[in-house]
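Q: Sequence:
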Amino acid sequence: MKSVLGLPLLLVAAMVRGVVPEVSTAQASVKSPRFGALYYPDESVELSYAVCNQESADKGSVSVTPHQLRVTDWRERVVYVQGLSALEGSVVLSPDVLGGRLGALRAVIIGTDADGNESEIARTWFARLTGPNPERPVKWIGSGIHGWGPDMRRYDLMVAAGIGAIRNDALWRECERKPGVYSDPNEHFAANIRALKERGISRNIGLTHPNPVAYPDNPLDPDAHAAFCEWFAKTHPDVDSFEIYNEGWSFGFHQRYKGRWIERLVEFNRKAAERLHRVRPDAAVLVASDDGWGGLSRLIQTGVAKRDDVVSFHPYIHGVDPRPERENFFWGNDGAELKELLLEYGGATRLMITEIGWTTYGVDENGESESWFVGGYPGVSYAVQAQYMIRAYLIARSAGVESMMQYDFQDDGPRRNYTEHNFGVVFQDYTPKPSFAAIAFMARLLGDAEPLGDFSADRMKYRMYGFERPDGKRVYAMWAIEGKVKVDLPADAVGGTVYDLMGNSRPLKPNRTTVELSESPYYIVGRW
264 MKSVLGLPLL LVAAMVRGVV PEVSTAQASV KSPRFGALYY PDESVELSYA
314 VCNQESADKG SVSVTPHQLR VTDWRERVVY VQGLSALEGS VVLSPDVLGG
364 RLGALRAVII GTDADGNESE IARTWFARLT GPNPERPVKW IGSGIHGWGP
414 DMRRYDLMVA AGIGAIRNDA LWRECERKPG VYSDPNEHFA ANIRALKERG
464 ISRNIGLTHP NPVAYPDNPL DPDAHAAFCE WFAKTHPDVD SFEIYNEGWS
514 FGFHQRYKGR WIERLVEFNR KAAERLHRVR PDAAVLVASD DGWGGLSRLI
564 QTGVAKRDDV VSFHPYIHGV DPRPERENFF WGNDGAELKE LLLEYGGATR
614 LMITEIGWTT YGVDENGESE SWFVGGYPGV SYAVQAQYMI RAYLIARSAG
664 VESMMQYDFQ DDGPRRNYTE HNFGVVFQDY TPKPSFAAIA FMARLLGDAE
714 PLGDFSADRM KYRMYGFERP DGKRVYAMWA IEGKVKVDLP ADAVGGTVYD
764 LMGNSRPLKP NRTTVELSES PYYIVGRW
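Residue numbers (the numbering used here): 264 to 791.
Keep in mind the hints are simulated off the structure, nothing from the lab.
Being a predicted model, the structure only gives us computed values, none of them experimental.
Treat the hints with care, since some could be wrong.
[Stated by the list, open to error] When the alpha-carbon atoms are kept at most 27 Å apart in a straight line, the in silico DSSO-like pairs for lysine-lysine are as follows:
| id | residue 1 | residue 2 |
| --- | --- | --- |
| 1 | K441 | K497 |
| 2 | K749 | K772 |
| 3 | K569 | K534 |
| 4 | K497 | K402 |
| 5 | K749 | K736 |
| 6 | K402 | K569 |
| 7 | K497 | K460 |
[Said to hold, decoys possible] Derived Cβ-Cβ restraints for the label pairs, each shown as a range:
| id | residue 1 | residue 2 | range |
| --- | --- | --- | --- |
| 8 | E745 | A377 | 44 to 50 Å |
| 9 | R416 | D480 | 40 to 46 Å |
| 10 | E779 | Y681 | 34 to 40 Å |
For glycine and all other residues, C-beta sits at the position ideal for the given N, C-alpha and C.
Throw the hints in and build the complete structure from the sequences for me.
A: Written out as structure tokens, the structure is:
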């Protein structure tokens, strides 16, 4: 088969240093020749490795020799082991060698120093997808990106994952540097929008943040911002939706207006929304975009959302327990309280989650966290990020959210102990985390399946959501909120096929009417 993305090959490396007391002994890399390191089930995985020993000023040359290649799955279970001896080389991993295992896999080079001490000296992730790209990206599966650079290959990775909607910003201060004089955010913006449209990915653009450049005396002038929004919407007919402002409390309104920030942010939203609706009646207009229930509920009660608007919100999980179902801001009740409030104040019914994510900061390759809590976001392991991300997507889809855009697609920086650098579903070098592979399988399995509702008998212990695919097959997604729970299966799931988070499958025995759930979602495709 052709490569997953049909792109020129690019060496993608993940580099770490092997360490012994006080001296750095070697630098090593392990690479895949495939951009994004994605493979189809019938393709062999190609890896190359190289170890470069360094000299120590105190001890001279200290030798580290590659000892072993170890491949583990997304849950750190060993899949394949091969001995190594040369300082560099290449390895071909056939589907049979990998036991047909699908999903995210990690390749690790174990080295041995002169004293016989073993250490991990290099690693990289790759993913074996369950099949070809979806026929079209899935609109309810979204992601956030940053910046408008010249490299469009990240959008090919999104297509491979089935991601059908993106959220990015066109910062007001970058588009209007002089009052009434407008321009695109940068020279690559139009090409990015064109590339997204060509791939069938919906475009949501945030027209956000203060503008002290053009309006130093009033950088949150609602009339000036509304005029900018009108220009932007008229000028960019290929943008599908416009998000008026991002998290007003955090970015300017509370600092400037203190106790009046809610009223001023509502005024800001309404003036822009009216202009956007008038000049682009075909586009979605997103209002509110708050990240806390207290602020969001007050915005709604003060009139931020009218009937024709889409309500955007960011239901992050703050605090010690990162499980989404523990949070009553949308996840605990599938948005029931939010929907009731909207009906009472303004009548808006359309919902989008434009930010939600789990950060893998401070978590080492064994799932251990260096610091469990920084900036209000608990750090999680790669496996847990994948589990919670999929749980959130499934809850949102079942609750009628038009699109959930996880924050964000690519890690924002190299600092492993910094919250904001580790929200991505791919690393900085575009190699996949387990969450990427989990999204890719969910998109292939469900696609445009319609939600059938909540089949949970005890929502405090587990969740079970039903979906019906265009081919008529029913799919049940289920998981325990914490620990393990034994549940009864719906009649049409008995004797069906069960899939794990990565797409590995097995048939259920025809006489088996119960299953034991874990915190990692399973899918069961019914017999009819």
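Q: Check each numbered hint from earlier against the structure, then list the numbers of those it violates in ascending order.
A: none
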